[in-house]
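K.L.:
If you read the protein sequences in the order shown, they are chains A and B.
The opening position of the first sequence corresponds to residue 38 in the numbering used here, with each subsequent residue numbered one higher.
The opening position of the second sequence corresponds to residue 39 in the numbering used here, with each subsequent residue numbered one higher.
Hint data in this document are derived by calculation from the structure and do not stem from the laboratory.
One should not assume that every hint holds.
[Said to hold, decoys possible] Cβ-Cβ distance ranges computed for the label pairs, FRET-style:
#, chain 1, residue 1, chain 2, residue 2, range
1, B, 63, A, 41, 49 to 59 Å
2, B, 256, A, 55, 36 to 46 Å
3, A, 67, B, 302, 30 to 40 Å
4, B, 377, A, 67, 32 to 42 Å
5, A, 325, B, 119, 21 to 31 Å
6, B, 273, A, 54, 40 to 50 Å
7, A, 202, B, 302, 54 to 64 Å
8, A, 304, B, 423, 51 to 61 Å
9, A, 265, B, 202, 39 to 49 Å
Since we're looking at a predicted model, the values are computed, not measured.
Backbone N, C-alpha and C define an ideal beta-carbon position, used for all residues, glycine too.
As a plain string of letters, each chain reads:
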Amino acid sequence: MSKEKITICEDLADIMPPEYQELVATATYGKEDRGWRDVGSSKELIESHSLCAGCPESIAFRYVMASVPAPEDTVFVGSTGCTSLVFPHVAIQNIHSLFGNQNAIASGLHRALKVRFPDQQKDVVVLAGDGATVDIGLDMTLQSWFRQEKFTTICFDNELYANTGGQESGLMQRGFVSKMAPAGKLFDKVRLPEIARESGCHYVACLTVSKPNRVEKVIKNAIYVSRVFGPSFVQLYTPCILEIGKQSMEGLDEMKDAESIGGRFVFKEYMTDEVKNFLKQKDDEDKARKKAAKNK
Amino acid sequence: MNKPVGVKEKGVKMSQHVKLGQKNKKGQVYTDIVDMFNMPEPPSFLTGSEVIRDAVKVASIDLSVAYPITPQSEAAALIGELYAEGYLGDYFRGESEFAVMGQCAGAAFGGARVFTTTAGPGTLRAFENFPMWAGARLPIQVCVTCRGINSPLTIQPDTLEMYFLLETGMLIWHAETAQDLYDYILAGFMVAEQPDVHLPIATCCDGFFVTHTKDTVNKVPDEVCLPPYDPYRSPVPCMDMENPPVRMMRDPFVMKSNYISYSTHASWQQEVRAAIERSRKHTIRILGSLVETQNTDREILIVASGTAVSQSREAIRLLEEEGIKVGLVKLKTIRPFPHAELREATANAKAIFVPEFNLSGWLAREVKACIPNNERVHAGPQVGGGMTMPLEVIAEEIKRYLGIPTETLASRGS
């Protein structure tokens, strides 16, 4: 899709809501080099959200939306949970259907778009919580990787079922006391990044969203890799401050703690050698392009 | 309620994005379905599974997802062969019926014409998807080759799963024969994809009885095919980022316990049900009617769907030899339920028998809920677990009502 498609005809311009007018006037659709730095200065794809004040997921959402390389040709697939409360606000097409079937939906969607637009790059991105990705939807998550489906899976890992009120999930750390784990969780946090690597993901990253630069880079890498090689997976720690007993302003500290040495979310990245070369080449090209633009 | 809409001059609107008469990459000519059905071909002798394959071959399907479950496995695999020959855009094996129906949904969200098949336990495993398909207005076609439901384990035909499907918001058609199945698969896409319908459709047939027996079928020539699906005639936006993304709502309904959220969900459910009713006119235009009747002036009638109709036809012949006259109403569509047609056909009947291949008697309940003086309805005979329904059992049920002594075939326990 090009930006022309969302342009409003003159006769109707005045009756369109201001958000839409802004989308046409100042969105980063079609802008190469869009990224997290656009947050706050240009029209964002996420207008507002109904998450809790200070929720790290809300900022993760903004970074992800700002980092997607081609929003004008990207469709998101979500699942039930806190993310499904944000998606209705997002100025990008997105599908919510059921809880846990997101990677199945994305498989069908990506294949259909390939059939219908064989010469056009359409990105499909799954964005779901840890319950959807690892517990109820694990089968479909893994099978889509086994089948080498060419789309990116992003997991917002808050280590519990947040939207239903803080129940134990497979990605919860061992020993954590929560609803449905009254004596503390009895088994380890599922090692999803390793599982992703072994299941055929060509690019895997696990990190918090404390560093927007890094989030942007990882999201772009994951999508670029999925276009060429096959499945990619990004696990982002987006702590549920409400359910782990933190204040609104403590989300960032929680993420910084979790990514410090010995923490559960020390930055991890796996990729095949092929992918390493591919990403390096892409980096070099980007640098050359930026340099050329500067010298103009 | 909806205003009744006449069928007269209500043509089935074909999509405009591909002109009729153009050829697809396999050289098949896009043809109006009514014209297709009027193209005479020498009859073929085929199993139901082969008939599914041959219908798919001329249905311009973009994507199909397969999963093994008896008795649809053969059909699902044959569709794969068509894909290998280039008749479908994509085809793969999913990992479970729940996933398969999700994959079908994803493809339909992305604007593809989608076909899949399932049966019995598969239908139930997939179940959460069906109301979602309807609510999301995805015109996916699933061919349900009915099979019993565990436990105990069974692979035999039993139409119980159709009972579960009734309130999913899907169109539900029930084929009696391989010919019906062929016609319904093709007509099903055309009806389900109409903008004022745009709903999923379950084309049901009785497993084994239809899928694994050979029957004479009049097909359309392989050189023609249905016009392709046009996703931009959908009442909801196609998720391909080729149309402007809309901010769907100010607040997600799930967050708000207020009148607007209740009313939105309630009115959407009503709209889905209204869309089922709106499919009538299109179905009648293509299939001629929602019911088929024989001698409805008689005092005794049989109302049935699926292969129970075939058995009833033979039972009627048997009874006729003994001078007992019985009429027949065959229901082709279960959703929409042919209320008006059934009331009219049963207006003069004194006794109405509803033979079924399941023990729940869902069709008898539907009939009872539809007609006046429903004490006329005799729910039965019913067979379960994939048993056959001998003609004599149907005849016996009717003779018992008439007070004619019969040789009892099976003990009733008293």
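K.L.:
Against this structure, judge whether each hint is valid.
P.N.:
Against the structure, the hints:
no. : hint                      : verdict
1   : B:63 x A:41: 49 to 59 Å   : 29 Å, violated
2   : B:256 x A:55: 36 to 46 Å  : 60 Å, violated
3   : A:67 x B:302: 30 to 40 Å  : 33 Å, holds
4   : B:377 x A:67: 32 to 42 Å  : 53 Å, violated
5   : A:325 x B:119: 21 to 31 Å : 49 Å, violated
6   : B:273 x A:54: 40 to 50 Å  : 22 Å, violated
7   : A:202 x B:302: 54 to 64 Å : 24 Å, violated
8   : A:304 x B:423: 51 to 61 Å : 59 Å, holds
9   : A:265 x B:202: 39 to 49 Å : 44 Å, holds
In summary, the numbered hints that this structure violates are 1, 2, 4, 5, 6 and 7.
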